[in-house]
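Sequence order for the protein chains is C and X.
The first sequence begins at 1 in the numbering used here and counts up by one.
The second sequence begins at 256 in the numbering used here and counts up by one.
Hints were generated in silico from the structure; no laboratory data involved.
For each residue, glycine too, the CB sits at the ideal point set by N, CA and C.
Take these hints with a grain of salt, some might be off.
Unchecked claim - To give a feel for the contact side, a few chain C residues facing chain X, derived at Cβ under 7 Å: (1) 56; (2) 78; (3) 97; (4) 108; (5) 111.
The lines below spell out each chain.
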Amino acid sequence: MSELVISNLHVEVETESGPKEILKGVNLTVASGEVHAIMGPNGSGKSTLAYSIAGHPKYTITSGSVKLDGVELSTLSVDQRAKAGLFLAMQYPIEVPGVSVANFLRTAKTALSGEAPKVRTWVKDVNAALEKVGLDGTFAARSLNEGFSGGEKKRNEIAQLELLAPKFAILDETDSGLDIDALRIVSEGVNRFTAPGDRGVLLITHYTRILNYIKPDFVHVFVDGRIVEEGGAELADQLEIDGYDKFVKAAKVDA
Amino acid sequence: MTVTTAVPNVAEAVETVASHLHPVASFDLADHPIPSGREEVWRFTPLRRLNGLLDGAPSAAHLNWSANAPAGVIRSELDTAAAIALNLPAPVDRPSALAVAQAGGAVLYDVAANAELDEPLVIEVSGDDPKATVYGQVIFRIGANASATIVLRHTGSVRYLSSVSLLVGDGAHLNFVGLQDWAADTVHLGHIGMRIGRDARVRTVAASLGGDVVRLVETAEYDGPGGELEQFGLYFVDAGQHIEHRMFVDHNQPSTRSKVDYRGALQGKDAHSVWVGDVLIRKIAEGINTYESNKNLVLTDGCRADSVPNLEIETGQIEGAGHSSTTGRFDDEQLFYLRSRGIPEDEARRLVVHGFFVDIIRRIGVADVEERLLAAVEKELELVVGNPDSVTP
Numbered sequence: 001m002s003e004l005v006i007s008n009l010h011v012e013v014e015t016e017s018g019p020k021e022i023l024k025g026v027n028l029t030v031a032s033g034e035v036h037a038i039m040g041p042n043g044s045g046k047s048t049l050a051y052s053i054a055g056h057p058k059y060t061i062t063s064g065s066v067k068l069d070g071v072e073l074s075t076l077s078v079d080q081r082a083k084a085g086l087f088l089a090m091q092y093p094i095e096v097p098g099v100s101v102a103n104f105l106r107t108a109k110t111a112l113s114g115e116a117p118k119v120r121t122w123v124k125d126v127n128a129a130l131e132k133v134g135l136d137g138t139f140a141a142r143s144l145n146e147g148f149s150g151g152e153k154k155r156n157e158i159a160q161l162e163l164l165a166p167k168f169a170i171l172d173e174t175d176s177g178l179d180i181d182a183l184r185i186v187s188e189g190v191n192r193f194t195a196p197g198d199r200g201v202l203l204i205t206h207y208t209r210i211l212n213y214i215k216p217d218f219v220h221v222f223v224d225g226r227i228v229e230e231g232g233a234e235l236a237d238q239l240e241i242d243g244y245d246k247f248v249k250a251a252k253v254d255a
Numbered sequence: 256m257t258v259t260t261a262v263p264n265v266a267e268a269v270e271t272v273a274s275h276l277h278p279v280a281s282f283d284l285a286d287h288p289i290p291s292g293r294e295e296v297w298r299f300t301p302l303r304r305l306n307g308l309l310d311g312a313p314s315a316a317h318l319n320w321s322a323n324a325p326a327g328v329i330r331s332e333l334d335t336a337a338a339i340a341l342n343l344p345a346p347v348d349r350p351s352a353l354a355v356a357q358a359g360g361a362v363l364y365d366v367a368a369n370a371e372l373d374e375p376l377v378i379e380v381s382g383d384d385p386k387a388t389v390y391g392q393v394i395f396r397i398g399a400n401a402s403a404t405i406v407l408r409h410t411g412s413v414r415y416l417s418s419v420s421l422l423v424g425d426g427a428h429l430n431f432v433g434l435q436d437w438a439a440d441t442v443h444l445g446h447i448g449m450r451i452g453r454d455a456r457v458r459t460v461a462a463s464l465g466g467d468v469v470r471l472v473e474t475a476e477y478d479g480p481g482g483e484l485e486q487f488g489l490y491f492v493d494a495g496q497h498i499e500h501r502m503f504v505d506h507n508q509p510s511t512r513s514k515v516d517y518r519g520a521l522q523g524k525d526a527h528s529v530w531v532g533d534v535l536i537r538k539i540a541e542g543i544n545t546y547e548s549n550k551n552l553v554l555t556d557g558c559r560a561d562s563v564p565n566l567e568i569e570t571g572q573i574e575g576a577g578h579s580s581t582t583g584r585f586d587d588e589q590l591f592y593l594r595s596r597g598i599p600e601d602e603a604r605r606l607v608v609h610g611f612f613v614d615i616i617r618r619i620g621v622a623d624v625e626e627r628l629l630a631a632v633e634k635e636l637e638l639v640v641g642n643p644d645s646v647t648p
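So that you can see chain X by itself, here it is in the shape it has in the complex:
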């Protein structure tokens, strides 16, 4: 249900859209009460397994950070008020609001206008205590016409509430890769909020393999017309794991583009994936184009994949808008075809899953990250389809 209220007597029609799909964004914690689990945006998340993490008790614990910053990247630290003053996308849920409120300031990485990074900025974040609660806020600001690749990799054990902001200047190019390689006992609830400048191009890749409960909310809005966003994701959910990706693309500017392609595989009892993709096309957003796709491959019995694409369209003057969602088992015809050429069943399954993910992985554009991720997917597959070296009879 969508309600649009046009504000009268404003030359350029400003509108506010109220919808259960995208709660009001706000830095004020009071706007984000502790969820009961009945809220639309919380109904899939296993709140009980968060063990009071959303109470927001203060914590001084930190993750271990190491960054490999190429020339042209400047790191600084800001207090919370100064961070918010950068016109960050506001938190959309309690975890991200807590992350901003309790982190005690933000780390800011700046890429100057017109800079072109030769090397990716690689940040490794790791935790070593599954009972420690950590709040973290990090901001990446890409100056106008700059070009950068950023890899943010999470490993280890922690209870982590995070807020990541991507401020992408006019005409800038950003390739952002987020890897959730957490240990099996980690809980990570995070928000990646992006603001995309005029004619800027942003590509994000999210890969979530580890963790006990991982819930990432990605939101995007545009600062001017002509911005392009591509979001790719992959997840591999094992027994007992909950991995949730929620996307919200706000087409608040004309002639903007967005494309979302998330793919997941599930295996083992109570493996649970959630993908919710919301796209809002505001009245002003004429000439936009958007497509969202989510595909799930269910490898064993006992898994659950929730997949919910939503489109809210306030104008028909657009180039295109669509979405698709598929969840299924192995395609028997694909397996038959491969096996009819002598490829054993294990190997055929491995090829199909590999093929399913490789389209996403090759978008990363950082060779060693691609290789590591392929290796990680291979390792996951060993669990379900046996030894991948079983080519010989």
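Chain C with its partners taken away, still in its complex shape:
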């Protein structure tokens, strides 16, 4: 049983006119076996939450904490956070020219597990993981994300999720820009990941569409840098009908 505990998290980003607070006290606990959806309008700070937990240098945690099984993540380096069991599927996966998908995956797996994966089974595992998300074997030899379509990049993120098997995965708008087939394939990958029941997922999304394929245990509405409403899957249905307007207006009144 693992736990990702976010407590009173405040995060700043450097802007031209000085530091700007984006996250204004986020509290959230994700236990293994749970899927939490974070939904909110553009600019509400959803992606900032994802990136600051993963340790992106652009974001500064000014107060609060993020603990994974009691280990404070905010003092760890980016790669140490991954070793602690965290995975971030990015909205815009980065292209790394000249580094093959196969080489990248082997290096990551070696770093995470502390030993090189067995060559014979590993190649099979990689090909199987790519195949499951609809990427043929040629992708293993291609430069990481270079020249991949938007959908192929997202599928590649999910293949990594499957191979690297973290304790907690944050999916940052993994559904954005996907056509219906890709959305289904990506969702199936996430469901395979959670199936063993000992992994947690923080699913960040703007739209309810992906929730037709991935059933959340909890839905959190995120507005202006904090969670303003929480509920079960039915909250997403209500958002589908009413939109975020009500929450945005309420947040303005509070501010």
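Fit chain X to the known structure of chain C by using the hints.
Just chain X, lined up with the frame of chain C:
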């Protein structure tokens, strides 16, 4: 500033283009005075570190040559006049003019027309005296429709002025790899001049890792339409090193192609790289396509990368012409992405630099040369990012 003078009453408009970018090519030493350092083509080069090398004092010193020549390659020696009579691309600067004038003759490697070399011609050149001045002239002549891979590797210590000519016949294929693996005290100033036949295809790879001062000028011109040239290069410049690559592609024939892709990494105080890429598209050169790119990765403080792409276009009737130049530090987003998968920072940096160069290295097409070069790049990286085996925590 470009001045074009059309010669009147010539049916096929011949033109001469005067430009500061590409000084007049000439075998006559008098056309190449000792540079002061204020000349456009010399302003980046640390002349003081040449210690009078350009005075041109005679020297009988030689480099050690060993060649692994496959069947179909014929070696001969020519006196200077006979060499020039082969219609070589003329020297474009004083070092190459001196190399021709003082070398006392040239070595010629001939690949007969229609020959297809099974194995690369590998020439190892090495010096053992950092004070010795050596002049060298070598010519590779690839007959029509022949196909050849040539590797010219430089090692050791010397002060070397060189002239290399690549005469590529109609329809021939040449893959030419030049490796500057010099010791840290070497000064090498050289010219590689190529003449590309009708429908011929030439690929060159230049890799410069060693040496104190290395300045290579590569020039290309076409003997007929349809010729294709690809030039790749990589350099890894350490503290105090000066590595300079100057390219000049003269599109003097229609429907010719050129592509240049040079990449360098710099690390350490006063590491200095220079890349100047000039492309001239003459009036006659309709339907050509050219693209030049130079990328520099600055790994530490205290380095300097000069990158100057130039295009001179005399006709708009072309397929395409472009260039790009980028110089920057590590891409934070790339490092973040790799590290977010558990890869430690050292290892992530190593992967990025490796990836930066591997696109160039894989163009070499000679497996053991590719492996050696990858190993050499790895070794350079150990200096800056620590032990490459630091995968395990």
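Looking back at the numbered hints, which does the structure fail to meet, lowest number first? none
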